[in-house]
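Protein chains in written order, with this note's numbering: chain W, 1 to 303; chain F, 1001 to 1326; chain S, 2001 to 2337.
Warning: the hint list may mix true and false statements.
Capping the alpha-carbon separation at 30 Å, the derived lysine-lysine pairs in BS3-like fashion look like this [claimed, not checked]:
1) F/Lys1221 / S/Lys2197
2) S/Lys2201 / S/Lys2173
3) S/Lys2173 / S/Lys2197
4) F/Lys1240 / F/Lys1221
5) S/Lys2202 / F/Lys1240
6) S/Lys2173 / S/Lys2202
7) S/Lys2173 / F/Lys1221
8) F/Lys1221 / S/Lys2202
Hints listed in this document are in silico derivations from the structure and should not be mistaken for laboratory results.
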Amino acid sequence: MKSTLFKWLDSDVGHSFRTSPAALVAAAIALVCGLAALFAPWVAPHNPFDLATLDLSNARLPPAWYPEGQWTFLLGTDDQGRDILSALIYGARISLFVGLVSVLLSVLLGVTLGLLAGYLGGWVDALLMRLCDVMLSFPAILIALLIAGIGHALFPNAPEALAFGVLIAAITLTGWVQYARTVRGSTLVERQKEYVQAARVIGVSSLAIMRRHVLPNVLGPVLVLATIQVATAIITEATLSFLGVGAPPTSPSLGTLIRIGNDYLFSGEWWITIFPGLLLVLIALSVNLLGDWLRDALNPRLR
Amino acid sequence: MLAFILRRLVQAALVMVTVALIAFMLFQFVGDPVSQILGQDATAEQVAEVRAALGLDQPVWVQFGHFLYNAVQGEFGMSLRQGTPVATLIAERFPATLELALVAALLALLIGIPLGVYAALRRGSALAQLFMTLSLLGVSLPTFLIGIVLILIFSVHLGWFPSFGRGEVVQIGGWSTGLLTAQGWHHLVLPAITLAIFQLTLIMRLVRAEMLEVLRTDYIKFARARGLSDRAVHFGHALKNTLVPVMTITGLQLGGLIAFAIITETVFQWPGMGLLFIQAVTFADIPVMAAYLCLIALIFVVINLIVDLLYFVVDPRLRLDQSSGH
Amino acid sequence: MSLLQVQNLVVEFPGRHGTLRALDQLSFEIAPGEILGVVGESGAGKSLTGAAIIGLLEPPGRIASGQILLEGERIDNLPPAQMRRIRGRRIGAIFQDPLTSLNPLYSIGRQLIETITTHLPLSHAQARRRAIELLQETGIPAAQERIDHYPHQFSGGMRQRVVIALALAAEPKLIVADEPTTALDVSIQAQIINLLKSVCKKHGAAVMLITHDMGVIAETCDRVAVMYAGRIAEIGPVREVIHAAAHPYTQGLMSCIPDIEIERARLHQIDGAMPRLNAIPAGCAFNPRCRQVFARCHQERPELMPAATTQAACWLLPSSTSSTSAPLAAALPEAQS
């Protein structure tokens, strides 16, 4: 395990990583955020959802460096007395969870469909390509909005699980297309090659062929796409939550927090909305940086 | 080429019918219009009567046919929230969204393209790196957050620009425009900038990437080998070849403006179709949602068709009506 | 006086793992009007030589030392603006793939006229007339109409004719042709080569013909330089290099070409492969593969020395034992026999 890490660090990609300050910083930030979110119950100073600990006398406190602020509430509190910092950490957890799960499902869906389309060809392929074309002609955010919006309208008092299910489904269904296309393209290329035809003749299963020959080739581009898409997914989720059709207020994501805080903007309590916003941008930026770096590192032409 | 157009038209029609089907299903799934009209305690005969009057006793596909027929004429019934005809509501709000989208599109193009060209030609320079870093930021900033921050700085703190509404509008026939009044423009600034930033970033990155690709081609190398000036190579050859795919992709992106308008309109309470949709969602106002769905699909289908046709006009390789030589 | 002189040219590529030397002390000359072939395996440095001459080396590649002289004046150290004036006007270039060499969005007339007006003080109408003449010269039928056609409306061979017309548009004295026929059908290759030869003769232009195809060299060139691992192994008149090569590498190359009249059970091949740029052996670059290698080959690098009828960089030559090896700074064109 240690030796493969060293080997990777010494490779071209690893070297590029070590010498790119942006990639290093981005990875560090992403890691810290990820870990904090993962271990939220232990990292957060308070539990913002435990109603017993909330005290309305703590409501609307500004961040600690203001004269009225307190150091136990480092970034201030909202109108219910909830600690903003803790809400941030829990919120990040939700945002990251939704983002990562959506992308994972997108990749699975897209890669599977792409393999099928590329390998089976015929009407399956044609149908899938038509579907991809049509879906690509609409902006992703619009489709996600429509799905989430319709879901919200149909089930206005849905239980949390359903709300998250619809949210994740909305983001997943908009992201699979690019993976499907990439994988399909590669599959088509490989399928023509003689060794694949030879393998079929001697009876190697299609599944084994696709797994052993096609998948390794597409791994690079899919990885780059997926990394960048995590940032997009997080932002999309935040947008949907801000508009009220995403994460419910009982389990608020960063977007929901921003939405809640927006009402207090004009009364001067800017921290309720700005801090979640900052964290959101920080996470999205680091993931985007990583994705950008990864794309340049894996692109042989740019070296 | 005619065959191509026909094929695209058929595809477009299929998309529209599918979307209409989804919209129709919305009506089927939500609520019971009969109980909404008659209330909870109604006799069986009253229910049957109302059902027949509404055409609900007919087979589903017949109902769909009626729905389509009405939809094509723009008739979607009444808004559940406001009680006015849906078509009127949408017609009222359409100009606001369109004006916002067009101004934002213009901003994005006028700033994005030159920045992208500069970043490609002066690759590695300090300014180009700055642009690329800013563009990364632009892609990482959700549109609604941009709006909120702009409001915080320019409305709440500085008080330079208003933060909601359209201001004074002028009615020209059925169209209400905010472009003819100073106040209208004043209200337009912050929302337009908010809407434009994401598009601007995308366009800039796209132009830069395309141009870098083009600068690597053999025909650019050959143009340089022929001693053509940098200006001729960069702006005569490279730029034209860059803008062709960029222009068509941008056409598709402009459709994204309609989507992002929903967000911007919500943040700024801009009285456009996007805000109408969000309000409809919160209220479960199905007729409005269905109408919005169909209208959006129509807009996108038309945009895509135009963009496809544009390819023909601009790229001589696709014009098949000229003879090939030997 | 020579038209082009290349003296001790060194081209390097600084990289993460150290600096690679792609061209190592290259020296040769081209006389006005002559056709010099440059032949060698892939990776020997042929195209790089052409790129260095027209000043279009792709960064990070750069000329580390040496000189390139055009009609007696140095051109390797010119500022970009001046180098641009030389390109097209005094040195023309032809590349391998005619499809990608032409801008698909502009008519060939527009591209021709643009090139002409950049270098020559002609009006648009005059330039257009000249463009039509060039097209006719290069064998494009119905030039008057076809001048307004787009590149995709021409076949591969026709496109290469257009490319040749473009290269000659400003009357350069030297044309660097990098694999001009490799991307074409065999049947078209002969036509294009003959066209190149006749048109250049007519315009009095010298040609540096870069290729890996000895057949093309034999048909077309006056002299030929054989490159190996970034150096010139042998240079001389075409007939001599082909039939009486002095360098073991050249001899090996020639014997690899099957002769239809000689019966053979196995095709001849040279064992091994050309060394990678970061693993060039000390001394003579060919020593790992040479059948006649001896001690000195591993120690000192041979410069070009006179052989019987050519010049070769080999310690086997009798002239290598004589005196001061003042390295020949240029291989002078021999008198044609």
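Hint by hint, which ones does this structure get wrong, listed from lowest number up? Going through the list in order, the structure violates hint 5 alone and respects the others.
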